[in-house]
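S.K.: Single-letter residue listing:
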Amino acid sequence: MAGDTINIYKPLRATLEEVIEESPLIKTFVLIPDEEFVFKTGQFIELAVDGVGEAPFTPSSSPLVTDRLEVTVMKTGYVTGIMHELKPGAVMGIRGPYGRGYPVSEFKGKEVLILGGGCGLAPIRSLLFALEHMKDDLEKVILCYGSKTPADCIYKPLFSRLNSIDKFEAYRTVDVTDGDWDGPVGVATALLDQIKVKIENSVAVVCGPPIMMKFGTIRLLEMGYRDEQIYLSMEKNMSCGLGKCGHCMMGEFFVCKDGPVFTYREIKHNPEIWK
Amino acid sequence: MYYTGIKKEDWHRSLEELLTSHDIFVPVKDEFSLDYEPFRLSQAENIAYNTPKPATPLKNFFLPVRENVTSARDNGRPRIIIGAPNCDVEALGLLDEIYLDEAFTDPFYRNRRKSTILVSSDCFSVNDHCHCTSYGVKPFTMEGADLALLSEGDYIFLRVISDKGDELVRQLPAAAGIKDPERLLFGDQRHRETEALLAELNRGLPDYKATGEIIRRAGEHIWVKYSSKCVSCGACTTICPTCSCFLLIDKPDFEKVKQMDACQYPGFERVAGGEDALFELAHRFRNRYMCKYVWRPQKFNSLACTGCGRCIEACIGKINKNELFMELT
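Protein chains in written order, with this note's numbering: chain A, 1 to 275; chain B, 276 to 604.
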């Protein structure tokens, strides 16, 4: 039996082709896996620095591309700190893809509202690629994104490109301006006041820091979104990715396996979700 | 299911012969404790059959404390584990849910399960903190093991539960069917006695169907009170037959070492950004109860506590979870 030979703990090797500086603390790693790597948008991988450690990331590249993979990493802790020192040519380890991604086929015929903050734009970019590919089947895609400062915004060229795509609208805000910014100032949820969306025929996707996820969800509910129309990408300490090690438990769920994308309806009974 | 019987000395002689092809572990009692030891014919008289739980939970045979999970080093030698009490056998069912999950089967766990013949042992006595029946678990095994053992005088009776158990019995030349069913009546009698002892010992403990709601409703003050003597040593989770959380440690050449971990240790849920849902001791303490009595039942339809009582015995702060339940009932 083929299943007998699979070792779920063993990573696939991938060569680092390019490192793109997105912001002072954020870099995108372009990886060439040793084998074709297929994932669904919103699924995540465990990316390993040899002998150091691994951490969970949702690829920021298109799920339609299977011979290369882009992963956007914020320098946050020990492993990501060492990742940021890596140069092209380095060999990294990939496990996955893991978990349940965005159910994009269910978005057909709908308006998709995406609320993102900070590094949450990484998974969202992958989702946007997938939605662009199926745009004929969608009514509209609206992105509302906030970063702390204009300099912290990643993938800056993405916004003008999105606004040039038929049916796509992209809005940006910053928490604090650094002087070189003439756009809106305020949290990402404030952008929701200026958009036009047919809520009854819409789904909302929220991805960002926990505090934004919480207040974003509250705002969407106030706007009239129903619990099952809101998709949340939960962030926990996903360590094994296999629904076993227990580090990412959120109530009865293993976020790594049962998520990381949940509808608000699936998880709202659990007071632990915003912790 | 059927029963077979064998004289104790023949049973031990057969085990001695099986040692050429199997690793065999038996519960051995010494002055201080009762625990599994490799079988040796010369030590056969110290084997303690039908006593309550050995010190080591059965899970340790399947989930080593630390192992390299990228380089397979399992020798694949079949094992016979004798003397597991039913609380541990039931717990193995929960570990199966996680480690034999079809989407991601742990190959090391699966191989150990496959290569193990499990001979459970009915409990004819109880320890101070045994409370399996309070959680709907019988002190004897009818499923989940390959054989179940009942010792009576110089005789061993075997309840043959699985095909694997049947195969082992066929390798016991001296084993014979039970012609007179009355010879097995002592087993039923022992079961009744053990259950009566457990009922007496645990009078007042809430019904297991109510434990989830009790824990869910428990206020912050309960967790602060009971965790005040907790030092996050993790003894309760280490000794628990159902606790199975682990950490993956990266080694050079993309090797990975899997090491048992516990939600009682600080930093268990800490993420790189610094957020830690279990930063407070009382919240870690509560997490264990929520996991066992609320979340695992929601996910796997089964309590993650089989009432073995080891966590009560192991706690250096003398925290007794049953006292917590009594206070809340």
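These are calculated hints, taken from the structure and not from any lab test. Beta carbons are placed, not taken as given, at the ideal position from N, Cα and C, and that holds for glycine. Keep in mind that a hint or two might mislead.
In silico contact screen, one side only, chain A against chain B (beta carbon under 8 Å); selected entries [as the list claims (entries may be wrong)]:
| # | residue |
| --- | --- |
| 1 | 11 |
| 2 | 50 |
| 3 | 77 |
| 4 | 93 |
| 5 | 103 |
| 6 | 106 |
| 7 | 212 |
| 8 | 215 |
| 9 | 236 |
| 10 | 263 |
| 11 | 271 |
| 12 | 272 |
| 13 | 275 |
Straight-line Cα separation of at most 30 Å, DSS-like style, residue types lysine-lysine; simulated pairs [to be verified]:
| # | chain 1 | residue 1 | chain 2 | residue 2 |
| --- | --- | --- | --- | --- |
| 14 | B | 389 | A | 268 |
| 15 | A | 196 | A | 268 |
| 16 | B | 389 | A | 257 |
S.K.: Does each hint hold? Answer for all of them.
M.R.: Going through the hints against the structure:
1. Evaluation of the residue 11 of chain A hint against chain B yields a held restraint, the C-beta minimum of about 5 Å falling below 8 Å.
2. Using the Cβ-Cβ criterion of 8 Å, the hint placing residue 50 of chain A at the interface with chain B is satisfied: the shortest such distance is roughly 6 Å.
3. Using the Cβ-Cβ criterion of 8 Å, the hint placing residue 77 of chain A at the interface with chain B is satisfied: the shortest such distance is roughly 4 Å.
4. Of the supplied interface hints, the one on residue 93 of chain A holds, with its beta-carbon coming within about 5 Å of a beta-carbon of chain B, less than 8 Å.
5. A cut of 8 Å between beta carbons decides the hint on residue 103 of chain A: the least distance to chain B is about 18 Å, and the hint is violated.
6. Evaluation of the residue 106 of chain A hint against chain B yields a violated restraint, the C-beta minimum of about 21 Å exceeding 8 Å.
7. The restraint placing residue 212 of chain A at the interface with chain B is violated, with a minimum CB-CB distance near 13 Å, outside the 8 Å limit.
8. Checking residue 215 of chain A against chain B by beta carbon gives a least distance of about 16 Å; that is not within 8 Å, so the hint is violated.
9. At about 7 Å, the closest approach between the beta carbon of residue 236 of chain A and any beta carbon in chain B falls short of 8 Å, and the interface hint on this residue holds.
10. Proximity of residue 263 of chain A to chain B is violated relative to the hint, the smallest CB-CB distance being about 17 Å (cut-off 8 Å).
11. A least Cβ separation of about 10 Å between residue 271 of chain A and chain B goes past the 8 Å threshold, and the interface hint is therefore violated.
12. With its C-beta approaching chain B no nearer than about 7 Å, residue 272 of chain A sits inside the 8 Å limit, and its interface hint holds.
13. Below 8 Å, beta-carbon pairs count as interface contacts, and residue 275 of chain A has one with chain B at about 4 Å; its hint therefore holds.
14. Restraint check: the Cα-Cα separation between residue 389 of chain B and residue 268 of chain A comes to about 40 Å, which exceeds 30 Å; the hinted pair is violated.
15. Taking the CA atoms of residue 196 of chain A and residue 268 of chain A, the gap is about 26 Å. The hint holds against a cut of 30 Å.
16. Using a Cα cut-off of 30 Å, the hinted pair residue 389 of chain B and residue 257 of chain A holds, with the two alpha carbons roughly 25 Å apart.
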